Amino acid sequence: MGAAGQRQILEELRERIRRLERRPARRGGFLPSGRGEVDALLPGGGFPRGALAELSGGPASGKTGIALSILRAALAEGGLAAFVDGRGELYPPAARALGIDLGRLLIVRMDGPGETRRPGAPPAALAAPSPAERVRSLLWAAEALLGSGAFGAVAIDVPLRGADPSRLEGMLRRLGAAAEQGGAAGLWLGSAAPGRRLPAVVRIELGPGGRVLRAVARGTADGSRPGGAGHAA
Amino acid sequence: MPREAPGGSPRILALALPDLPLQRILRARASPPALAVVHEGAVAHCTPAARAAGVRPGDSLVQARAACAQLEAVPLEPAADRAALRALAEAMLALAPAVEIASPDALLLDASAANLAYSCGADPEAALAGRALALAAALGYRGRAAVASGRGPARALARHGGAPLVQVPPGETGQALAALPLAALDLPAQVCERLGAVGIADVGALARLPPGSLVHRFGSAGVAAARLARGEDPSLLVPYQPETLPEEAWDLDGPVETAEPLLFGVRQLAERVAVRLAGRGLGATRLRLTLKLDPRGEERLVLPLARPTAAASSWLVPLRERIGSLRLGAAVTGLRLAAMEVAEVSPEQLAIGDRPEAARALEAVLARLGARLGGEALFAAASVDRHRPEAAYRATPFRAGAGRENGAAGDAGGTAAGPAEGPRPTRLLAPPRPVVAEGEGGRITALRLDGCAHPVEALAGPERLSGEWWSEPFDRDYYRVRLSDLGDCWVYRDGGDGRLYLHGFFD
Chain A
-13 MGAAGQRQIL EELRERIRRL ERRPARRGGF LPSGRGEVDA LLPGGGFPRG ALAELSGGPA
47 SGKTGIALSI LRAALAEGGL AAFVDGRGEL YPPAARALGI DLGRLLIVRM DGPGETRRPG
107 APPAALAAPS PAERVRSLLW AAEALLGSGA FGAVAIDVPL RGADPSRLEG MLRRLGAAAE
167 QGGAAGLWLG SAAPGRRLPA VVRIELGPGG RVLRAVARGT ADGSRPGGAG HAA
Chain B
3 MPREAPGGSP RILALALPDL PLQRILRARA SPPALAVVHE GAVAHCTPAA RAAGVRPGDS
63 LVQARAACAQ LEAVPLEPAA DRAALRALAE AMLALAPAVE IASPDALLLD ASAANLAYSC
123 GADPEAALAG RALALAAALG YRGRAAVASG RGPARALARH GGAPLVQVPP GETGQALAAL
183 PLAALDLPAQ VCERLGAVGI ADVGALARLP PGSLVHRFGS AGVAAARLAR GEDPSLLVPY
243 QPETLPEEAW DLDGPVETAE PLLFGVRQLA ERVAVRLAGR GLGATRLRLT LKLDPRGEER
303 LVLPLARPTA AASSWLVPLR ERIGSLRLGA AVTGLRLAAM EVAEVSPEQL AIGDRPEAAR
363 ALEAVLARLG ARLGGEALFA AASVDRHRPE AAYRATPFRA GAGRENGAAG DAGGTAAGPA
423 EGPRPTRLLA PPRPVVAEGE GGRITALRLD GCAHPVEALA GPERLSGEWW SEPFDRDYYR
483 VRLSDLGDCW VYRDGGDGRL YLHGFFD
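Line by line, the protein sequences are chains A and B.
Going by the numbering used here, the first sequence opens with residue -13, and the numbers climb by one from there.
Going by the numbering used here, the second sequence opens with residue 3, and the numbers climb by one from there.
Please keep in mind that the hints were generated in silico from the structure rather than gathered at the bench.
A portion of the hints provided could be inaccurate.
One-sided excerpt, in silico: chain B residues whose CB lies under 8 Å from chain A [what the hints assert, rightly or not]:
| id | residue |
| --- | --- |
| 1 | Asp204 |
| 2 | Phe220 |
| 3 | Arg370 |
| 4 | Arg426 |
| 5 | Leu431 |
| 6 | Phe507 |
| 7 | Asp509 |
Chain B residues, not near chain A, derived (Cβ > 12 Å throughout) [claimed, not checked]:
| id | residue |
| --- | --- |
| 8 | Gly43 |
| 9 | Ala82 |
| 10 | Asn117 |
| 11 | Ser215 |
| 12 | Glu259 |
| 13 | Glu262 |
| 14 | Met342 |
| 15 | Ala361 |
| 16 | Arg362 |
| 17 | Arg374 |
| 18 | Pro425 |
| 19 | Arg429 |
| 20 | Gly506 |
Keep in mind it's a predicted model, so treat the numbers as computed, not measured.
The beta carbon of each residue, even a glycine, is placed where N, CA and C say it ideally should be.
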């Protein structure tokens, strides 16, 4: 039996299991960011569903804008989107200005909305969880959202500072598996500094002002192998 | 005092719960023992196991214990039985527009609109009765139902009709009642005795008596009894309105140290609490599970839920997780589940493409997240008409797009993020970080942030934002500054202290 035949059988078995578990149907394909210079570098012309993509760059490199554009594309298909906001910095009015229907965007923040955090206001609750517990909870939330099948795209902005190194690898690996299980496009927002390797099928490094420094794509979760690696300066 | 229906006797579904005190005790236990409910020293109700050992209702407790040494005697608790009826009535509100509690052991449901609500079946009244019996069974009660015209006749037929479901067409109520004993009509004891003394043994005999003779012998009570016997009861239901939030308890067979029996009990409780909430059109937003510990003490778990729901399946996921992560110092002997906070459940469907699996998946994941992170951690943003950037949005419960007013298309009044405003950064820092400007010849060449200078490539602005003089006045000039090694930043000069602050990134 050829590889194509095996893939078809596997797909049929997955569909049967999905029906038995009464899980939502998975959607395949890609979500375009709407940024021509980024999409052109990606096989399929967008970010793959059912897989994790990494957008890394400095604090004003444009990675959040690209992630929001992908969330908007997921919302435009009638789905839902989520933003795991570990830094508590996402500014919803900007998301709205980008055309995102805020009512369909779930924001997850450990400290709550933080609406009252004004200049000079004291920091959040004193009884806050430890940094390790915080990272663990946020990654757990991201995994749950990605694997739920209810969200078309999930952006994850979780600084890993203070995380328990012995457990981190496993937690990050599970994110990729969860995205594959739930069929969501997972978008990991990373810093410019080289960090841990994520199980991401797409990596895009951005420089100041949104310049694409490097784009790499490998085999996606649905079995296709674009195999391409693009570079731009 | 019940009012009279304008168009004759209303159609009523009566649900009688035989041996209610016994059923109430047994439904909270995993397995039925040899047990008797005792009132004033005599057995009022007993389980089949007790009957098999020779115990009979009416026996004195001494006699009963002689027949069955292991007999567990539980005193009759009329208040607890009334509470059980109220709980059942609460759930029945999902089936009928009005429900009356007919103490001590029955409920009356308005069946006049059954043909509207259950029109898909051949017999809407039988469908309603079937649903009521099934709902009672889901709550742990075995019942008998009767559909007839009038409150009194329906109740009499349910209690004494002898079949699980008695259905009497309009106009035939009198014939249906004829064979029942006089006790079925719930007449005053004195009237019953006097009727018995003159040889009136059943309802049919009472119905055949000439009305004149009854007025003479028994007064108005006699006339009312005769009308009831003929199936004439135009009185309206006295609707029950619940005032407290539902709470259900479950006693375990013995001290339990593993999760599986606990989860079984929790599932029973969740379904019962959910059915009661659903009857009122409510969903729980916070649950409390109390575990009774052996030999004393208890552990309380409070579970905030992401969205109001009366679907027990949505509660089970976080409940299972919390129970699974518990480290108890003692075995558990009982469980109690209460809805602490509730909210109305919106009848509108989740706006996620009408995909039921996706809706279920969403409910489950929101419940899990809410239970672990707390309800505050999950929200959808909505724009607010405020110029202060950090107050230009507020958190609203995530309703999966049910309300579009906070979406891109709505929010006409939001000036802070409206089209007339300048661009907004994707990240806002809280609190803003102080920066120092470096320059030469009146031109800013760099911004120093945390001791590090960042060269300025371009600068646009200012956009003046000020206001709120009535509470916390602010006056800021915002600039979009392009730093060559970082990118675009949102910086403001505070009119109050004249200093510069980095407030966000155009990331």
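Exercise. Confirm or reject the statement that B:Glu262 sits farther than 12 Å, beta carbon to beta carbon, from all of chain A.
Key: At roughly 21 Å from the nearest Cβ of chain A, B:Glu262 sits farther out than 12 Å, so the non-interface label holds.
Quiz prompt | Interface hint compliance - B:Asp204 to chain A, C-beta minimum distance less than 8 Å | solution = 55 Å, violated
Exercise. Examine each Cβ of chain A, and state whether all of them lie more than 12 Å from the Cβ of B:Gly43.
Key: Since the minimum Cβ distance to chain A is about 55 Å, B:Gly43 lies beyond 12 Å and the statement holds.
Quiz prompt | chain A versus B:Ser215 - minimum CB to CB distance exceeding 12 Å, so not interface | solution = Consistent with the label, B:Ser215 stays out of reach of chain A, its closest Cβ about 68 Å off (over 12 Å).
Quiz item: Would the least Cβ to Cβ distance between B:Pro425 and chain A come out above 12 Å?
Solution: Its Cβ does come within 12 Å of chain A, the nearest being 7 Å, so this is violated.
Quiz item: Is the shortest C-beta separation between B:Phe507 and chain A less than 8 Å?
Solution: Holds. Min distance 4 Å.
Quiz prompt | Minimum Cβ-Cβ distance from B:Met342 to chain A exceeds 12 Å | solution = The claim holds: B:Met342 sits with its nearest Cβ about 20 Å from chain A, beyond 12 Å.
Practice problem: Hey, is B:Gly506 genuinely clear of chain A, shortest beta carbon separation above 12 Å? | Solution: 6 Å, violated
Self-check item: Separation of B:Arg362 from chain A, once the least beta-carbon distance is taken, above 12 Å
Solution: Non-interface label on B:Arg362 violated, nearest chain A Cβ at 7 Å vs cutoff 12 Å.
Self-check item: Separation of B:Arg429 from chain A, once the least beta-carbon distance is taken, above 12 Å
Solution: Since the minimum Cβ distance to chain A is about 4 Å, B:Arg429 lies within 12 Å and the statement is violated.
Exercise. Classify the label on B:Glu259 as holds or violated, using whether its beta-carbon is more than 12 Å from each beta-carbon of chain A.
Key: Holds: least Cβ distance 27 Å, greater than 12 Å.
Exercise. Answer holds if the nearest beta-carbon of chain A is closer than 8 Å to that of B:Arg370; otherwise answer violated.
Key: For B:Arg370, the interface hint holds, since the closest Cβ of chain A sits about 6 Å away, which is under 8 Å.
When each numbered hint is compared with the structure, violations occur for hints 1, 2, 15, 16, 17, 18, 19, 20.
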